[in-house]
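*Asks:* Residues per chain are reported as follows:
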Amino acid sequence: MSEMTNKWIGTSTIRPDGVDKVVGRAQYAADSTLPGMIWGKVLRSPHPHAIIRSIDTSKAEALPGVKSVVTAKDIVDFSVGTPVPLGIQDMRWMCRNVMAREKALFHGHPVAAVAAMSADIAAKACELIEVDYEVLPWAIEIDDAIAPDAPILHDFIKFEGKPSNIAGTLEHKLGDIEAGFEEADVIVERSFDTRPVHQGYIEPHACLVSVAADGKTTIWSSSQGQFMVRAMTAFLTGIPQSDIRAIPAEIGGGFGGKTIIYLEPVAAMLSKKSGRPVKMVMTREEVMRATGPTSGAKSMVKIGAKKDGTIVSAQATHYLQAGAFPGSPIRGACGCCFAPYDIPNVYTLGYDVVSNRSKVAAYRAPGSPIGAFAVESTMDELAEQLGIDPLELRLKNAAKQGTKAAHGPVYPVMGYAETVKAALAHDHYKAPLGKFQGRGVASGYWFNAGGESSAQVNITEDGNVVVTTGHPDIGGSRASIANITAELLGIDYRRVSVLIGDTATIGYSNLTGGSRVLFASAMVVTQSTEKVIETLKGLAAKIWGIPADAVTWSDGAARPAGDNAGKFEPLTLEQLAARANESGGPIGAGTQLNTTGAEGGFATHICDVEVDVELGIVRVVRYTSFQDVGKAVHPAYVEGQMQGGAVQGIGWALNEEYIYNKDGKVDNPGFLDYRMPVCSDVPMLDNVMIEVPNPKHPQGVRGVGEVPLVPPLAAIRNAVYNALGIRFNSLPMSPPRVLERLDAMREAAE
Amino acid sequence: MAKLHVTTTINGEPTEFLCEPHHTMLDVLRDNLGLTGSKEGCGSGDCGACSITLDDRLVCSCLMLAAEAEGHEIKTIEGMAEGDKLHPLQQKFLEMAALQCGICTPGVLVAADALLKKNPNPSETEVRYWLAGNLCRCTGYDKIVRAVLETAAEMRGAAE
Ligand code: FES
Ligand code: FES
Chain A
0 MSEMTNKWIG
10 TSTIRPDGVD
20 KVVGRAQYAA
30 DSTLPGMIWG
40 KVLRSPHPHA
50 IIRSIDTSKA
60 EALPGVKSVV
70 TAKDIVDFSV
80 GTPVPLGIQD
90 MRWMCRNVMA
100 REKALFHGHP
110 VAAVAAMSAD
120 IAAKACELIE
130 VDYEVLPWAI
140 EIDDAIAPDA
150 PILHDFIKFE
160 GKPSNIAGTL
170 EHKLGDIEAG
180 FEEADVIVER
190 SFDTRPVHQG
200 YIEPHACLVS
210 VAADGKTTIW
220 SSSQGQFMVR
230 AMTAFLTGIP
240 QSDIRAIPAE
250 IGGGFGGKTI
260 IYLEPVAAML
270 SKKSGRPVKM
280 VMTREEVMRA
290 TGPTSGAKSM
300 VKIGAKKDGT
310 IVSAQATHYL
320 QAGAFPGSPI
330 RGACGCCFAP
340 YDIPNVYTLG
350 YDVVSNRSKV
360 AAYRAPGSPI
370 GAFAVESTMD
380 ELAEQLGIDP
390 LELRLKNAAK
400 QGTKAAHGPV
410 YPVMGYAETV
420 KAALAHDHYK
430 APLGKFQGRG
440 VASGYWFNAG
450 GESSAQVNIT
460 EDGNVVVTTG
470 HPDIGGSRAS
480 IANITAELLG
490 IDYRRVSVLI
500 GDTATIGYSN
510 LTGGSRVLFA
520 SAMVVTQSTE
530 KVIETLKGLA
540 AKIWGIPADA
550 VTWSDGAARP
560 AGDNAGKFEP
570 LTLEQLAARA
580 NESGGPIGAG
590 TQLNTTGAEG
600 GFATHICDVE
610 VDVELGIVRV
620 VRYTSFQDVG
630 KAVHPAYVEG
640 QMQGGAVQGI
650 GWALNEEYIY
660 NKDGKVDNPG
670 FLDYRMPVCS
680 DVPMLDNVMI
690 EVPNPKHPQG
700 VRGVGEVPLV
710 PPLAAIRNAV
720 YNALGIRFNS
730 LPMSPPRVLE
740 RLDAMREAAE
Chain B
0 MAKLHVTTTI
10 NGEPTEFLCE
20 PHHTMLDVLR
30 DNLGLTGSKE
40 GCGSGDCGAC
50 SITLDDRLVC
60 SCLMLAAEAE
70 GHEIKTIEGM
80 AEGDKLHPLQ
90 QKFLEMAALQ
100 CGICTPGVLV
110 AADALLKKNP
120 NPSETEVRYW
130 LAGNLCRCTG
140 YDKIVRAVLE
150 TAAEMRGAAE
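Protein chains in written order, with numbering that gives the first Met the number 0: chain A, 0 to 749; chain B, 0 to 159.
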């Protein structure tokens, strides 16, 4: 990284796509229309678990206005015998999740779909489809799914040789935990559980798909990855990838939940069969029943420490709900839960458990908040038993450069301890508390990621810049890209336009997710811009008639390198662009890379709560996040990530949960009863950004989006303990649950 | 079923449309009139992404029947800027990064505008309770609340 002071990197510029968004003109997937477009709707299973004996679509097809009907027969079948991996997804599950095949596995599982002249007609036609179900017993909760007599979802999944709902395990080992526990003076062992929560993006899934008579397919959809949309749609429809153009619409939130597809292949088949473009938009109820959420979990944690607070051994077992198909985030839970600490003996074990719920999808640091809730809550109790301040305990055991983590890496330079020190020194940590108020702390880790990324940087004839990358901009990444490009070129950031390319116009790029986008795209944008600067220097050299290496680039202009290079007036970007055609032609460069060198991110949060002991309501009254953000390329949007993550964590800790009724159906599939935090539920949110730049990245980027959701669950839970003396080992701490515990405490006191 | 003919005013323009009796104002804005700035986040009045004003009163357009627009005046996010001049709230939201994905933003802006018209000097608490009907999953609300308060202060300054 250059030691020069940055003009744009590190400043909160106005995002290039902002004006369209504040005037309501930005085009999200549901905002698109095409000539001749018709509407698609999905028929969903009314049962949590049932064999599909037959489907009769004849009445629906006969309804005037209906143009096509699709069932599992129209989706490519991947037999369950052989894995067909695509990224982290397996097409065997994806084809069955998109459209139920042998069985319906959750209430809301798609069974058929209709396209018609209006959404009303399509909905009416769905009601006319006759499905013959054989209803089966179901299992929703982990304990029911792993019970010896549990109904088995998939016969072919075997665990320890027998058909099982345990679809897989994962373990991490370091040292010898038994020997470690022998050395411990204090051991704390506790169990925890959390409920599934939904990503809760405000924009429901939507797509518009047009399949022409020759198979050429165009998809506009709300997704975290247009290349993922292209590949999965191709797999599930049989249309070659080269015939599919996936165009990323603006995306109204994702948080991991839009890293898989639900509607696109269905709409493609409806379009193919009808010969018309098809638009499909989920209702909120469909989103809640049949997309996301992240896992609910059961965790057991055991930590042993010496009297002086040195942790000598640690163990965690996590059972995570996968929903109807394998694939819960056990890697995040097992890999991240002890990652902030330097512990010689560690063992983590994760179980991936299927049950009759919608298939889980990634949610911001998938698995890590669940693991951290269990471990960071146990740490709080350990601190109390040892009589050590909880932040001091964390500092004493903080992982640092050279620490070997249980999930594999030996850490390079990193800023975890700095987050704890900053928290200890912050006035928030010393502020007095009132009656029924309490303060809690917790830490968290996320791996971060690199991966495939592509960028193209083109100079326009009037000397401005167009940057195209392949990652949907979900939270303002275009602003950071503009900052970096302007910085490297030495021009005003307003001269840089940043576009998101579709699959036909930019090279392959992996998903927007895992806190990887700025890390990866900044690398390819940097390389492309550097190539452009080389071209510009070459043009100037040609014009001046001197060697290219006698030209330097600074402040937006080519300059002779020194006195013996000759005396020439600088040639600005505009001047060079205007003369490009006479001196060498178009100016532009692209880069495609599988980026490496991503480093983990750490955070520590302090939270104050106040409990209304009459109503059982826990209110967060003060919140401060401390995070090693690597380099904050656009500080306001880094803060936005920290603040948004904290509030999602507040929702997870205090209110959000899927409530199933006795019929195996979700009882709260809407924003009225699935209670996400609203504006009046939360205070202003303080952020302390600690910048320990990633040495393996040109701008020092680490990735910032995921970590903010990791510490809140335990921080809030620890604060509630501090306020009431009641330890909640099960989330959410919703008013009825808090009241129940308060009443029990009051009764016990009588 | 026969369609209803509705005569109304939208963002100052006399507007006529045909709709089914059960269609919401949000359906008609988005699907008949091409005004897609109002978003559907829930369809049940719980997220505020579809906020518009009906005769200057803030309403969820997903809860209003399109037929109810007859003879009334509707304003949507598309009518908030004047030509190419952004409303001070829109400008402040950009400057203060008070939007991330931007899907809640039109509804939040319409609601915030309605608040400042009613109460040009709201407290933080008043802003928070007024905007409690507008869900935002990205920002944690901090920057939204700050942007509204700051705009209010600037607009009061400009008005003096
Ligand atoms: S769409 Fe109208 S309030 Fe959510
Ligand atoms: S900015 Fe994404 S929901 Fe508000």
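Any given hint could be a false lead.
As the list claims (entries may be wrong) - No more than 30 Å apart at the CA atoms, straight line, and that leaves these computed lysine-lysine pairs for DSSO-like:
| no. | chain 1 | residue 1 | chain 2 | residue 2 |
| --- | --- | --- | --- | --- |
| 1 | A | Lys420 | A | Lys434 |
| 2 | A | Lys661 | A | Lys161 |
| 3 | A | Lys102 | A | Lys72 |
| 4 | B | Lys74 | B | Lys117 |
| 5 | A | Lys306 | A | Lys403 |
| 6 | A | Lys305 | A | Lys399 |
| 7 | B | Lys2 | A | Lys123 |
| 8 | A | Lys58 | B | Lys74 |
| 9 | A | Lys6 | B | Lys84 |
Hints were generated in silico from the structure; no laboratory data involved. From a predicted model like this one, the values you see are computed outputs, not experimental measurements.
*Asks:* All hints are to be evaluated individually against the structure, with a verdict given for each.
*Replies:* Verification of the hints:
no.: 1; hint: A:Lys420 x A:Lys434; result: 27 Å, holds
no.: 2; hint: A:Lys661 x A:Lys161; result: 28 Å, holds
no.: 3; hint: A:Lys102 x A:Lys72; result: 13 Å, holds
no.: 4; hint: B:Lys74 x B:Lys117; result: 16 Å, holds
no.: 5; hint: A:Lys306 x A:Lys403; result: 23 Å, holds
no.: 6; hint: A:Lys305 x A:Lys399; result: 20 Å, holds
no.: 7; hint: B:Lys2 x A:Lys123; result: 18 Å, holds
no.: 8; hint: A:Lys58 x B:Lys74; result: 42 Å, violated
no.: 9; hint: A:Lys6 x B:Lys84; result: 28 Å, holds
Hint compliance for this structure: hint 8 is the single one not met.
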